[in-house]
Amino acid sequence: MSNSAVQTESHESHGPELLHHFVSAEQQRNTVSLAMWLFLATEVMFFGGMFCAYLIYRTWYYAEFAAGSRSLNIWLGTVNTVVLIGSSLTVALGVRAAQMGKRKLLVVLLLLTLVLGLTFLGVKAIEWHDKYVEHHIPGASFSVADLVREYPQLHIDQRHAQIFFSLYFAMTGMHALHMVIGVGLFLYLTYHAWKGTYGPKYYTPIELGGLYWHFVDIIWIYLFPLLYLIDRKPLK
Amino acid sequence: MATAAVSAERENYLNKEYGIRSWLLTTDHKRIALLYLVSITFFFFIGGFMALLIRLELLTPAGDLVLADTYNKLFTMHGQIMVFFFLIPSIPATLGNFLIPMMIGAKDLALPRINLLSWYLYIAGGALMLYAMVEGGVDTGWTFYTPLSTAFSNTHVVEAGLAIFIAGFSSILTGLNFVVTVHRMRAPGLTWSRLPLFVWAHYATSVIQLLGTPVIAITLVLVVLERTLHLGIFDPNLGGDPLLFQHLFWFYSHPAVYIMILPAMGVVSEVLACFSRKRIFGYGAVALSSIGIAVIGFIVWAHHMFVAGISLYSALVFSILTYLVGVPSAIKVFNWTATLYKGSISFATPMLYALGFIGLFTIGGLTGLFLASLGLDVHVTDTYFVIAHFHYIMVGGAVMGYMAGLHFWWPKITGRMYPEWWGRLAALIVFIGFNLTFFPQFILGYMGMPRRYWQYPPEFQILNVMSTAGSTILAVGYLLPMVYFMWSLRYGKVVGDNPWGAAGLEWKTSSPPPTFNFDETPEVTWEAYNYDQIPVPKEAWLEQ
Amino acid sequence: MIEHFPLWPPGASSISGNVDALYIFLTLLSLVMTVAIFATILVFVTKYRRREGVDAEQIHGSVPLELAWSIIPMMIFMLIFAWGAVIYFQERTPPRTSAEVYVVAKQWMWKIEHAEGQREINELHVPVGRDVRLIMTSQDVIHSFYVPAFRIKQDVLPGRYTTEWFRATKPGTYHLFCAEYCGTAHSGMIGDIVVMEQSDYEAWMAGGKANGTLASNGADLFQTLGCPTCHRTDSQGRGPNLIGVFGKPVLLEDGRTVMADENYVRESILSPAAKVVNGYKPIMPVFQGLVTDEQLNSLVAYVKSLSQPPAGTQSAAAGTKMGPKE
Amino acid sequence: MSEHVMSSKMYYGIWITLMVLTVVTAAVSFIDLGPFNTIVALSIATFKAILVVLFFMHVKYASEKLTKLVIASALFFLVLLLSLSMIDYLTRYLA
Ligand code: HEA
Ligand code: HEA
Ligand code: CUA
Ligand SMILES: [Cu+2]
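In order, the protein sequence lines correspond to chains A, B, C and D. Each residue of the first sequence is one higher than the one before, counting from 709 in my numbering. Each residue of the second sequence is one higher than the one before, counting from 2 in my numbering. Each residue of the third sequence is one higher than the one before, counting from 339 in my numbering. Each residue of the fourth sequence is one higher than the one before, counting from 47 in my numbering.
Treat the hints loosely; a few may be bogus.
Said to hold, decoys possible - Chain B residues, not near chain C, derived (Cβ > 10 Å throughout):
no., residue
1, Y19
2, V39
3, G48
4, F50
5, F170
6, L426
7, I430
8, P458
9, I474
10, R491
11, E524
12, Y532
What the hints assert, rightly or not - The list that follows gives simulated cross-link-like pairs (lysine-lysine, DSSO-like), each with its CA atoms no further than 27 Å apart:
no., chain 1, residue 1, chain 2, residue 2
13, A, K941, A, K832
14, B, K539, C, K385
15, A, K909, D, K111
16, A, K909, D, K106
17, C, K385, B, K343
18, B, K509, B, K539
Derived by calculation from the structure, the hints in this document are not laboratory data. Glycine included, C-beta positions come from ideal geometry on N, C-alpha and C.
Produce the entire structure from the sequences given, and follow the hints as far as they go.
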């Protein structure tokens with residue numbers, strides 16, 4: 709991953725990107741790829757803690773989870789899912805462009821990814837703002853009086869509903885944080901792609917950034933049904 | 002490969018570059034290991050100092066030395082510092098960091114810059130912890146139980162939580178680095194069945210670090226969010242379950258105890274083999290039992306919650322699963338013992354510590370079986386019996402293993418020998434002081450003295466006095482090595498590449514090793530511990 | 339000297355002997371194992387000390403040995419597990435006819451209420467030979483009710499009931515400790531368990547100035563809080579008739595069946611909407627925040643008393659089952 | 047990782063499938079299937095995740111066994127966390 713001039717000088721023999729302690733570019737690539745996958749494994753467990761909390765409270769307080777879920781904006785949620793999956797496509801195509809050495813295409817695709825990622829975050833911000841307006845943000849002014857009125861059948865307990873929204877904010881917040889980090893990462897990648905650092909011989913950073921991005925996408929693929937689609941069927 | 006005469010001039014990782022920058026910006030795993038060594042020792046003495054204050058307070062039944070709140074902060078931060086800033090990084094980040102690349106014939110860890118980043122994260126976390134400490138401390142117990150930590154404590158829970166969160170990422174990255182390194186960087190010919198047991202143990206440790214640590218990270222984040230933003234996930238007033246916190250906490254913190262013990266077990270395997278000049282008995286079983294401990298370690302966590310209000314059924318399940326983890330531990334103890342059979346045994350300091358380890362770990366482990374037994378745990382949980390159990394394993398076991406390793410590889414790290422006589426004396430003092438400190442606590446525990454007590458009924462006093470007395474002896478035992486290690490940096494006898502006549506690739510390079518460890522990548526054609534092919538050195542420090 | 343240096347806790351409950359037996363067994367077993375291992379090590383290190391000209395013999399291992407020292411310990415472990423599990427069952431299964439005592443823990447004191455109405459703080463008087471079941475909750479953080487002489491301990495949680503039980507066998511005064519760290523005065527949250535002969539106990543009971551039994555206090559509270567407007571003793575009320583409810587399964591609106599134990603009644607009062615009885619509307623007001631833990635205890639005791647034959651003073655909660663059990 | 051370059055057609059194909067599944071899962075949630083609503087939603091999510099992992103993340107064509115082992119063990123330990131905690135929660139208030 710290195711591109712500093714110092715190392716270019718000291719390692720002319722095996723090309724600019726190879727670090728001193730690796731034998732071959734192949735070994736280096738396999739190494740960092742494994743590292744990325746292991747990192748993603750830790751991320752699974754990181755979100756796993758919240759999934760565990762979610763699972764327990766959802767079984768205990770299903771009605772409040774159902775009501776909370778109904779109060780989320782399914783249209784925005786779906787649109788965001790579409791946006792994020794779209795960005796995964798542009799990333800995947802970006803890796804391909806890098807493999808084939810199409811620099812301009814790569815830059816365009818990375819920029820597109822950034823635009824989609826930021827769109828996602830923008831939509832998320834709108835949704836959170838809606839929650840703010842509705843007093844659905846846990847804390848002193850939290851209230852689900854509106855939901856109690858709207859869904860009398862569900863017998864909502866305000867306190868249990870707060871647990872749903874706490875989890876909603878914790879999970880989407882952590883996800884959004886990962887998106888923000890992803891955007892930072894992709895800004896870096898775009899800059900280097902534009903400078904022409906990556907090509908068929910060396911595109912590892914793009915590939916790794918892509919893995920990360922796809923992972924964040926997968927988390928959302930689960931968050932979407934878990935948060936938005938708990939219970940949308942017509943109420944009896 | 003340089004073997005015989007080592008001239009002081011030979012370029013090595015220590016004298017290649019000088020200056021503070023060359024240390025703080027280094028990516029050399031050996032230098033990073035030394036950075037860790039210094040910082041970890043610092044935290045050990047801070048934690049030890051707190052332990053001494055705890056023991057002094059408990060000298061008398063009345064709470065007379067410090068205030069109750071101060072006492073609560075002392076044991077909380079003693080636990081947190083010792084666990085997260087000393088013992089978890091201790092062996093992996095120093096000895097593991099230093100040795101794993103050499104043991105597998107690599108020039109460095111796979112990700113040297115990530116390695117440096119790990120150290121900086123550790124330092125950042127440590128600094129935040131110290132900040133929390135000087136700002137007034139934390140008083141939740143090292144376990145951060147909710148709702149005390151989220152809603153009732155008015156101390157620096159957020160800072161301490163974040164400190165551990167950051168240090169956690171340091172730990173994750175170290176583990177990640179090791180796994181990648183072991184998979185990708187082994188020298189030609191070094192198959193999995195030829196790996197030193199030290200490497201196996203660290204591999205198993207790393208798996209726990211990778212898959213367990215993120216869970217405590219997110220759990221602490223949720224605690225912090227609950228404190229600051231009033232998110233309510235563990236809040237009983239909202240119908241939240243305070244036990245959920247405990248489940249998530251122990252999901253990490255039980256496996257974490259194996260993060261602390263497995264590396265020490267690795268050290269012991271190396272030391273035993275060297276000083277009995279034998280291959281470890283049942284190499285395969287010992288290697289696989291490390292992996293077994295790591296995996297089974299993940300399915301026993303609720304044995305910390307037998308009286309917490311979990312369901313009877315889950316208590317039964319977790320109790321029986323806990324016993325499973327005893328089996329791989331038993332395998333190790335028996336194989337180590339068998340290794341001594343028909344050996345050619347000598348008693349240098351590392352060996353004394355290693356033998357001490359086996360004994361004290363066995364006692365600690367066997368008392369773990371008491372705790373895993375449901376009916377008995379009800380009585381002894383949250384008493385000094387538990388305190389004694391885990392200090393036997395963590396101080397008697399893990400710290401002894403760490404000391405064994407430090408002494409064993411000290412000549413490799415520095416190129417100089419520590420004073421052997423002093424080493425043996427210190428080992429003896431530690432052993433005596435240790436048992437005097439912690440054995441009485443088993444009795445105290447069964448008598449019913451609860452832990453985390455600032456004052457206690459008078460009938461417990463005599464045993465507490467013994468314990469306090471022991472701790473001062475223990476302090477001497479730890480200060481001694483501190484002194485003679487420093488002394489040896491200057492005055493220690495300069496040694497050759499392999500002063501113990503040990504097997505293992507790390508001994509085939511010079512002492513101290515060159516920056517890239519080996520002049521040329523070694524090719525391995527032999528099994529681990531091929532002691533029959535290595536001549537016994539005739540050195541002063543091996544005399545009886 | 340020796341009386342100031344006890345090495346064994348007094349044993350004063352029906353199960354303390356069982357726990358001690360297991361403890362002694364484990365201690366002996368550990369002793370045997372430790373001695374065996376230490377002795378073997380000592381023999382080996384002396385016998386095979388390094389000697390000039392004697393080389394170590396390289397032995398690779400032995401599969402039968404590996405199997406032996408995995409399987410034999412495993413079998414011993416299972417024995418210990420089973421033994422411990424049996425005692426745990428005893429510890430967590432109160433006899434059906436236990437007397438009931440309500441415990442409310444708070445930073446940093448124990449508030450205790452007998453069914454007969456006596457209240458105590460940091461003290462609990464019980465007669466010898468009576469099964470006593472503690473129904474415990476906390477007002478703030480987690481505490482733990484620990485009586486070393488009885489070998490029992492149970493964490494006390496905010497937001498729900500946990501229980502433990504004992505039968506004292508020897509008169510005397512024993513330590514009560516809070517065993518779960520709970521903040522500043524954790525080590526001061528201690529008290530006495532006073533075990534008395536039956537006659538002394540009765541005298542003590544009579545001397546106390548109880549203002550009615552817990553259940554009768556609950557009955558008064560039931561009136562003041564306006565519960566009877568909905569819960570009537572016929573089937574005409576807007577809420578279910580509470581007579582005979584306790585200790586029986588209740589069919590809920592969503593089809594689940596739950597046991598009407600103390601936690602259920604507690605939840606029904608604090609957040610009624612969580613479990614709605616089949617055939618009723620969730621109109622019952624939320625009493626969370628309106629009743630104290632003590633008041634709640636007496637309401638629970640009252641609801642329980644509605645399911646018992648109106649006999650003597652002992653609240654023999656027939657079929658009472660608490661929390662996770664059986 | 048490998049040099050293997052996949053055709054862009056395949057990427058578009060996967061993408062379209064994911065889009066369709068997103069719309070389907072959102073739509074299905076409005077239909078009353080009883081307990082199957084959850085099952086369907088999670089199955090679709092899992093299917094989508096598998097598609098992303100196999101194709102976008104190149105696990106199907108271009109990765110070694112070790113990668114698969116890493117993924118499998120992450121999921122395995124996640125399942126341990128969820129299932130063993132649920133043992134407690136599902137049996138805690140049993141009558
Ligand atoms: C390095 C640290 C470490 C290690 C390795 C262990 C190892 C074990 N621990 Fe320990 N434990 C802690 C650190 C550790 N523990 C800490 C810090 C706590 C308290 C945390 C807190 O509350 O603050 C704790 C608490 C703790 C509890 C909870 C107590 C309570 O709070 O109520 C339990 C209960 O089951 C337990 C059990 C065990 C068991 C069964 C093992 C096993 O792995 C031991 C296996 C080893 C052996 C069994 C010995 C060797 C075997 C033989 C020689 C075989 C021959 C034997 C026979 C045939 C009988 N431990
Ligand atoms: C790795 C882990 C580790 C280590 C090494 C130790 C080491 C020691 N511990 Fe610790 N301990 C824990 C982990 C550890 N402990 C944990 C997790 C808890 C639970 C906390 C909780 O309940 O939340 C605990 C709790 C605990 C208690 C119970 C407190 C209570 O419940 O009220 C006691 C009491 O005796 C104790 C004593 C000791 C002693 C005497 C040592 C000795 O081995 C220490 C020896 C070291 C020294 C003595 C240092 C020598 C240095 C000097 C003399 C120099 C002086 C320094 C300066 C002037 C700067 N510990
Ligand atoms: Cu209450 Cu400790
Ligand atoms: Cu444990």
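Taking the hints in turn, this is what the structure says about them:
Distance check on Y19 (chain B): its Cβ is at least 41 Å (rounded) from any Cβ of chain C, clearing the 10 Å threshold; non-interface status holds. Distance check on V39 (chain B): its Cβ is at least 33 Å (rounded) from any Cβ of chain C, clearing the 10 Å threshold; non-interface status holds. Annotated as non-interface, G48 (chain B) keeps its C-beta farther than 10 Å from every C-beta of chain C; the closest such distance is 18 Å. Non-interface call for F50 (chain B) relative to chain C: holds, since the shortest CB-CB distance, roughly 22 Å, exceeds 10 Å.
Annotated as non-interface, F170 (chain B) keeps its C-beta farther than 10 Å from every C-beta of chain C; the closest such distance is 28 Å. At roughly 19 Å from the closest C-beta of chain C, the C-beta of L426 (chain B) stays outside 10 Å, upholding its exclusion from the interface. The non-interface label for I430 (chain B) is consistent with chain C: the shortest C-beta to C-beta separation is roughly 20 Å, beyond 10 Å. Against chain C, the non-interface label of P458 (chain B) is violated: not every CB pair exceeds 10 Å, the least being about 7 Å.
Even its closest Cβ contact with chain C, about 21 Å, leaves I474 (chain B) beyond 10 Å, as expected for a residue assigned away from the interface. Under the 10 Å C-beta cut-off, the non-interface status given to R491 (chain B) relative to chain C holds; the minimum distance is some 31 Å. Every C-beta of chain C lies more than 10 Å from that of E524 (chain B), the closest at about 23 Å, which supports listing it as non-interface. For Y532 (chain B), the requirement that its beta carbon stay farther than 10 Å from each beta carbon of chain C is not met, with the minimum near 6 Å.
Annotation: proposed proximity of K941 (chain A) to K832 (chain A) holds, straight-line Cα distance about 24 Å (limit 27 Å). Under the criterion of a C-alpha separation no larger than 27 Å, the hint pairing K539 (chain B) with K385 (chain C) is consistent with the structure, at around 20 Å. The straight-line distance between the Cα atoms of K909 (chain A) and K111 (chain D) is roughly 23 Å, inside the 27 Å bound, and the hint therefore holds. A threshold of 27 Å between alpha carbons decides the hint, and for K909 (chain A) with K106 (chain D) the separation of about 22 Å falls inside it, so the pair holds.
For the given pair, K385 (chain C) sits about 8 Å from K343 (chain B) by alpha-carbon distance, which is consistent with the 27 Å threshold. Annotation: proposed proximity of K509 (chain B) to K539 (chain B) holds, straight-line Cα distance about 18 Å (limit 27 Å).
Violation of the numbered hints given earlier is confined to hints 8 and 12; the remaining hints are satisfied by the structure.
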